[in-house]
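Next come the chains, spelled out residue by residue.
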Amino acid sequence: MESLNVFAARLWPTENRFASGHRACQGCAEALAVRMIHGVLGRNTIVASATGCMEIISSSYPDTAWTVPWLHVAFENAAAVASGVEAGLKILVKKGKLPKRKITVVGMGGDGATADIGLQALSGAMERGHKMIYVCYDNEAYMNTGIQRSSSTPFGASTTTSPAGSLSVGQSTWKKNMPMVIAAHNVPYVATVNPSFPFDLASKVRKAQAANGPAYLHVYACCPTGWRMAPELAIAIGRLASRTGVFPLYEVENGKLHITVPTPKLSPLKEYIQPQGRFRHLDDATVAEIEKRVEEEYRKLERREGLVL
Amino acid sequence: MEKRIGIEASIAIAEAVGLCDADVVAAYPITPQTHIVEHLSEMVADGHLDAAFVPVESEHSAMSVCCGTSAAGARTFTATSSQGLALMHEILYIASALRLPIVMSVANRAISGPINIWNDHSDVMVERDVGWVQIFCENGQEAVDLTIWAFRLAEDPRVSLPIMVNFDGFIVSHMVEPLFMPDREMVKAFLPPFKPLQRLDIDNPISMGPVGIPDIFTEAKQVQQHLLTQAYQPIVETLGEFAKVFKRQYKPVETYRGDDADVLLLTMGAIGETAMTAVDQRRAKGDKVGLVRLRLWRPFPFEDLFRALGRIPVLGVIDRCISFGGPVGPVACEVKGALYGRKDHPLVVEFVAGLGGRDVTVTDFDKMFDALFEAKRSGKVPAPVLVGLRE
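These protein sequence lines map, in sequence, to chains A and B.
All the letters of the first sequence, read from the start, carry residue numbers 1 to 309 under the numbering used here.
All the letters of the second sequence, read from the start, carry residue numbers 310 to 700 under the numbering used here.
There could be a bad hint or two in this list.
[Stated by the list, open to error] Restricting the straight-line Cα-Cα distance to at most 30 Å, the calculated cross-link-like pairs of lysine-lysine (DSS-like) are: (1) B:Lys652 <-> A:Lys97; (2) B:Lys553 <-> A:Lys97; (3) B:Lys504 <-> A:Lys131; (4) B:Lys597 <-> B:Lys652.
[Stated by the list, open to error] Quick look at which bits of chain A chain B covers, simulated, 3 or more residues with Cβ under 8 Å: (5) 95-101; (6) 237-248; (7) 277-285.
[Stated by the list, open to error] Partial selection, computed: residues in chain B whose CB lies under 7 Å from chain A: (8) Ser373; (9) Met484; (10) Val485.
The hints are simulated quantities; they were obtained by calculation from the structure and are not laboratory data.
Glycine included, C-beta positions come from ideal geometry on N, C-alpha and C.
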């Protein structure tokens with residue numbers, strides 16, 4: 001059955017759940033990913049959003065971009081709020097106070113809201129086994145507050161709190177591996193998705209929706225403003241991110257790892273790094289060092305293909 | 310029919326939540342609130358309460374889950390104390406701004422440091438401005454009754470705000486006392502099913518918790534201010550309804566032997582009961598002393614307080630908390646603020662007592678009354694007194 005779970009252009013949902021007119025920057029691949037994911041999830045969806053780019057650009061009162069029920073409480077608690085919505089609906093159905101219907105509850109947040117300040121609430125929600133999807137939109141820094149580093153910022157990226165300088169390479173730590181942190185919670189479905197690979201994204205969203213328990217999607221979300229690059233390159237950079245091995249596309253379904261977009265021959269990292277101003281200061285030796293690490297990580301993933309983690 | 314039984318207040322509060330048929334309990338363990346949620350989890354485990362028990366990983370998530378469950382339309386309860394309440398702080402503001410009628414027990418306890426698990430009011434005084442209805446209980450009976458009442462008030466469509474039911478940690482929460490346990494039929498007669506003002510509904514999608522830009526933020530705050538002050542009338546009405554069903558009447562401000570008093574002392578929470586004993590003893594000696602017991606803290610019951618004070622020349626106010634480097638006691642500060650500009654307002658003597666579980670005895674009250682008579686005689690207000698301070 002797995003091989004039949006393919007997506008094609010004519011299957012793409014035409015209704016838009018995330019309306020146009022919101023205030024996202026030009027070339028924001030995060031807003032694009034939100035639109036794609038909620039297109040696939042459909043109308044019977046309730047969203048709990050963390051504070052962050054997607055919240056402020058979509059909900060400036062009295063406007064809203066959301067055509068599905070949407071709730072924003074705070075920054076670090078979207079997973080807890082979503083778990084509450086799920087628990088609340090479930091008990092109301094059990095007690096006969098609401099009719100039984102198929103409703104997908106989604107928690108969403110950026111990389112800061114997920115990998116840093118919201119990690120505890122997310123871990124709790126995943127561990128408790130709520131039937132919900134948590135989506136991390138990873139643009140690799142605190143973009144909403146002005147491009148500060150997070151634990152999801154890649155090595156060498158210059159941000160406003162990990163600036164490149166005569167004594168600094170920029171971000172001096174390696175990106176936290178959030179999908180594997182969640183996979184370690186033994187939830188039924190974890191996947192990395194990238195809006196530059198829409199069909200791969202759609203089939204994973206469907207699987208997350210069908211999972212019998214918590215599901216986690218980690219979304220590559222190119223941010224031209226924060227990455228200091230041309231907005232029209234957002235989709236191309238996204239493709240390169242997966243083809244260079246920087247952001248491999250895989251899933252962990254009931255513990256079993258599967259690379260969904262295999263890339264045996266990785267593209268040169270320079271192609272990915274060169275258009276992005278945040279890496280502009282890196283010398284060839286540092287790029288080579290990053291490339292070596294990216295390749296090591298990718299091969300490590302390849303060696304685990306098909307294994308139950 | 311109500312039965313009078315001997316029961317620990319925490320267990321009775323949990324039973325009261327069960328009688329209210331709460332849909333969700335989301336809570337995290339913290340002393341001295343634990344017995345309430347332990348008992349609720351047992352009730353759910355044994356099938357005595359058909360509710361979702363969400364055992365969260367922190368109080369921050371407890372309040373966050375409560376926001377989610379309440380927004381989904383579920384009757385929601387939680388309980389906490391001290392550091393747990395402090396950890397919820399950020400979300401408390403949002404729960405009230407979202408108008409989510411969450412009911413929360415707070416077994417009042419000191420705030421670290423040094424760490425101290427015993428009773429005072431420094432946890433809740435920090436939360437004065439979070440936009441919740443806040444009420445204080447003196448004993449287990451009140452805690453049970455006002456928990457049931459809290460659901461009715463919070464879910465009243467004129468109010469639709471969260472409410473904190475405060476009672477003193479250990480002193481009330483762990484006390485086994487004889488109390489009248491309401492029965493299910495009476496609670497049913499008093500508490501209608503929960504009909505949320507708005508909820509997350511896929512057939513009528515709404516966006517809750519949007520960005521409040523400067524153009525609308527002031528107006529949003531004015532709505533909250535209006536709602537909480539206007540909650541006063543529904544509070545009095547529903548307390549009256551409660552009295553009709555359960556034959557126990559609670560008022561925003563209570564007095565004890567205050568009518569002909571020469572000096573009055575204002576208390577909040579359980580020490581009011583010791584204070585009544587102290588009043589009786591002083592009265593037996595011919596000293597005209599009386600009490601004002603402030604039950605409703607938010608919305609602040611200005612007119613009730615003025616009526617209770619009458620034209621009293623000297624008022625002592627007991628705080629169970631210190632406002633460091635400021636006007637010493639938050640309650641005294643509020644009371645003085647309320648009296649500002651009023652003709653013939655009393656001299657206000659400030660006491661801070663019972664911090665971190667320190668007993669406040671009848672002898673302590675005696676000394677406080679002495680200080681009040683001295684203020685009356687001299688016409689001078691002494692510096693704030695830290696009652697029972699060991700030199």
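Here is how each hint holds up against the structure:
In summary, the hint linking B:Lys652 to A:Lys97 is not supported, as the alpha carbons are separated by about 55 Å, beyond the 30 Å threshold. Under the criterion of a C-alpha separation no larger than 30 Å, the hint pairing B:Lys553 with A:Lys97 is consistent with the structure, at around 29 Å. Simply put, B:Lys504 and A:Lys131 have alpha-carbon atoms about 25 Å apart, close enough for the 30 Å limit, and the pair holds. With a C-alpha separation of about 23 Å, the suggested pairing of B:Lys597 with B:Lys652 holds against the 30 Å cut-off.
For the region 95-101 of chain A, the proposed coverage by chain B is satisfied: 4 residues have a C-beta within less than 8 Å of a C-beta in that chain, meeting the threshold of three. Coverage of the region 237-248 of chain A by chain B is violated [criterion: at least 3 residues with CB-CB distance below 8 Å; count 0]. Against chain B, the region 277-285 of chain A contributes 0 residues with a C-beta closer than 8 Å to a partner C-beta. That does not satisfy the three-residue criterion, and the hint is violated. Below 7 Å, beta-carbon pairs count as interface contacts, and B:Ser373 has one with chain A at about 4 Å; its hint therefore holds.
The interface hint given for B:Met484 is broken, as the beta carbon of that residue sits about 32 Å from the closest beta carbon of chain A, more than 7 Å. The closest approach between the C-beta of B:Val485 and any C-beta of chain A is roughly 32 Å, which is over the 7 Å cut-off, so the hint fails.
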